[in-house]
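K.L.:
The primary structure of each chain is shown beneath.
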Amino acid sequence: MVNAHRPDRVEETLDREEVLAQAPEREGPYFRVPPYLEQE
Amino acid sequence: VSDPADLTIAAAGAALRSGALTSVGLLEAVRRRASMTEANLHAFLTLDPEGAAGSARDADAAFARGEDRGPLQGIPIAVKDNLVTRGIETTAGSRILAGWVPPYDATVVERLAAAGAVMVGKTNLDEFAMGSSTENSAYGPTRNPWNPDMVPGGSSGGSAAAVSVGSALGALGSDTGGSIRQPAALTGIVGMKPTYGLVSRYGLIAFASSLDQIGPLTRTVQDAVTMFEAIAGHDPSDATSYRGEVPEVRSGLDRGPEGLRVGVLTELSGEGNQPAVLEAFQRTVDALERAGATVRPMSLPACAEALNAYYLIAPAECSANLARFDGVRYGPRLDGDTVERMMAATRRDGFGPEVTRRILLGTYALSAGYYEAFYGQAQKVRTLVIEDFRRAYREVDVLVSPTSPTTAFGVGEKVDDPLTMYLNDVATVPTNLAGDPAISVPAGLDDAGLPIGFQILAPALGEAALFRAAAAVERLVGFDARPALATSEGAA
Numbered sequence: 310m311v312n313a314h315r316p317d318r319v320e321e322t323l324d325r326e327e328v329l330a331q332a333p334e335r336e337g338p339y340f341r342v343p344p345y346l347e348q349e
Numbered sequence: 017v018s019d020p021a022d023l024t025i026a027a028a029g030a031a032l033r034s035g036a037l038t039s040v041g042l043l044e045a046v047r048r049r050a051s052m053t054e055a056n057l058h059a060f061l062t063l064d065p066e067g068a069a070g071s072a073r074d075a076d077a078a079f080a081r082g083e084d085r086g087p088l089q090g091i092p093i094a095v096k097d098n099l100v101t102r103g104i105e106t107t108a109g110s111r112i113l114a115g116w117v118p119p120y121d122a123t124v125v126e127r128l129a130a131a132g133a134v135m136v137g138k139t140n141l142d143e144f145a146m147g148s149s150t151e152n153s154a155y156g157p158t159r160n161p162w163n164p165d166m167v168p169g170g171s172s173g174g175s176a177a178a179v180s181v182g183s184a185l186g187a188l189g190s191d192t193g194g195s196i197r198q199p200a201a202l203t204g205i206v207g208m209k210p211t212y213g214l215v216s217r218y219g220l221i222a223f224a225s226s227l228d229q230i231g232p233l234t235r236t237v238q239d240a241v242t243m244f245e246a247i248a249g250h251d252p253s254d255a256t257s258y259r260g261e262v263p264e265v266r267s268g269l270d271r272g273p274e275g276l277r278v279g280v281l282t283e284l285s286g287e288g289n290q291p292a293v294l295e296a297f298q299r300t301v302d303a304l305e306r307a308g309a310t311v312r313p314m315s316l317p318a319c320a321e322a323l324n325a326y327y328l329i330a331p332a333e334c335s336a337n338l339a340r341f342d343g344v345r346y347g348p349r350l351d352g353d354t355v356e357r358m359m360a361a362t363r364r365d366g367f368g369p370e371v372t373r374r375i376l377l378g379t380y381a382l383s384a385g386y387y388e389a390f391y392g393q394a395q396k397v398r399t400l401v402i403e404d405f406r407r408a409y410r411e412v413d414v415l416v417s418p419t420s421p422t423t424a425f426g427v428g429e430k431v432d433d434p435l436t437m438y439l440n441d442v443a444t445v446p447t448n449l450a451g452d453p454a455i456s457v458p459a460g461l462d463d464a465g466l467p468i469g470f471q472i473l474a475p476a477l478g479e480a481a482l483f484r485a486a487a488a489v490e491r492l493v494g495f496d497a498r499p500a501l502a503t504s505e506g507a508a
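Chains as they are written, first to last, in the numbering used here: chain A, 310 to 349; chain B, 17 to 508.
In short, the hints are calculated from the structure, not lab data.
Label pairs and their calculated CB-CB ranges:
1. R345(B) with E347(A): 20 to 26 Å
2. E66(B) with D324(A): 19 to 25 Å
3. Y345(A) with R340(B): 14 to 20 Å
4. N312(A) with R266(B): 31 to 37 Å
5. L346(A) with L350(B): 18 to 24 Å
6. G288(B) with E347(A): 52 to 58 Å
7. D324(A) with G428(B): 43 to 49 Å
8. R318(A) with A464(B): 56 to 62 Å
9. E429(B) with T322(A): 44 to 50 Å
10. G156(B) with T322(A): 35 to 41 Å
11. Q331(A) with P434(B): 31 to 37 Å
Covered, in the sense of this in silico footprint (three residues per stretch, anywhere, with C-beta under 8 Å from a C-beta of chain A), are these stretches of chain B:
12. 111 to 125
13. 337 to 347
14. 354 to 367
Residues of chain A placed beyond 10 Å of chain B at every Cβ, according to the derived structure:
15. M310
16. V319
17. E336
18. G337
19. P338
No experiment lies behind these values; they were computed from the predicted model shown. Backbone N, C-alpha and C define an ideal beta-carbon position, used for all residues, glycine too.
Between the sequences and the hints, there should be enough to build the whole structure, so can you do that?
P.N.:
Encoded structure:
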C-alpha cells in the first residue's frame, strides 16, 4: 500500500476573474446567490 | 484511397512525412467530409475551425523544420464534449452547461496537443454520458453513418460517427459502462477502454468516478495503440491515476494469435444476442482457433448480475457528482426567491429525463434505510464480478464476447423504454465494474449492412494481450467496408 496523496504544494490556481466570469451572478469577488432563508 | 479523410492515422502520418500530404490539406479533407455529412449525422456540437487551422499550420511548420513529436503530429482528432477544453464551449450534452467555456484543458486534451494533434471539434453525446444511443443529448441525436435512420450507439456516439464517416481520423470518448465500445461496434470502428487509472480523468466531467475511463475511437487497432500511447500515463491531478509504468503494447501487434489462450464468456455469448451477431462472433472465434489460439468456454456467473449492480452503482455515483450543477458557479440559472428554490428550478430545467431518472435512482439507492439493501448489495455483486474475472484470468489471457447484443437500432425505437435501452450494456458493464481494459473490433455486417462488434477483455494492465488479440482479430476478419455516408453517393 502506498499513499496516493500528492505533495501538499501551492501550485498555480485558476484565475479568479476567469472563474467568476462564468457565474450567472456575481458581486465583487463573490458568487451571488438568493437568500438562504425565507424572507419574513 | 483517393480522399485523405478516409486514411488511417498511420497512413496519414506516412503521407505527412513523405510530403505527399500537408496537415492543412488533411484538415481541409476532414472538414469537407464534415460539411457533406453533418446535416445528416450531427456528430459535432462545436467545431473549432480557427483553432484547428492554427494547429494544422503549426504541424506543417514543425515538419518543415524537421521537428517530429510523433505519430499524432498534424492528425485531425475529435474530442467528446464531456472533456473540458480551454476557451471552447463544453456542455456534456446538457442544457445545464449551455454556454460554459472552461478555463482549463483536460489532461488528455493537453497531451493530444503536446503530441501535435489537431483538435477539430467537440462531439455529441448522451447527456453527461448517460445513454446507449446518443438520443439523450439536449442538442438532438447523432445518427449512424451506415444508415441515418439508425442510432450510432452511445454515449460516445458523436465521436464514433465522426471517425466512422471520416470527419476525424480518431476521437476521444469516455466509457463508464460501454460508452466507447458499443458505439464503436455499431459504427464499424475500433473502440478501446483502458485499465482504470491508466488515463487521467482530470477534466473529464464526472458521471460515475469509480467506473469512468477515457479511451480512443479509431478505424484500426494500430491507430488505437497510437492514441492510447499518447494519453496514458500518471497525472498528479487525478488521485486515482496509476503510478506505475504504462504497459508496452506496440511490439506485440504482429505476434498473431498463436498460443493465445482465449476464453469465450458463456454468459454473454449465447441467448439474448441477435442471430447475425452470434454468427459473426462464432466465425471470428473459429478463425482465432484455426490461426493457433487455444479457445475454451469460460463461465463467469456474476456477469449475469453485473448489469443490475451497475445500474445502482453508476446512478449512486452520478447523484453525488451532479450535485455541483447548482446554478451558482457556471451554466444558466433560473430565478427563485431562496437559494434552494433557485437550485431546484435550475436543475429541473437543466437536466433531461434520463439524467433526472438516474439522479433520483441514485439518491434513493443511497438513502438511509435503503443503502444496505441497494447500494451495499450492488457493491457485493461488484466484488463477485471482480473475483470471477480474477479466477478466469488464471486460465486464459483474454475473454471474448459480442460487444453489443444487437446491431444499430432505429432512432426513437427504444427511447420510451429505459430498461430495454439498458440491456444494450449487458456485455460491456462487467469490465467497468472490474476496472479492466477492453476493446471492440469490427467483426462483419448483418443482412441490413450494419456493423457488428467483437469484444475482447483482458486483466488490469493486460493491454499488451488485449491489443495483440485485437490486431489478430482485425487481420483475420479483414473488415474493409465503409459506411454509405462516407462515399460521395451517400454524402450527396
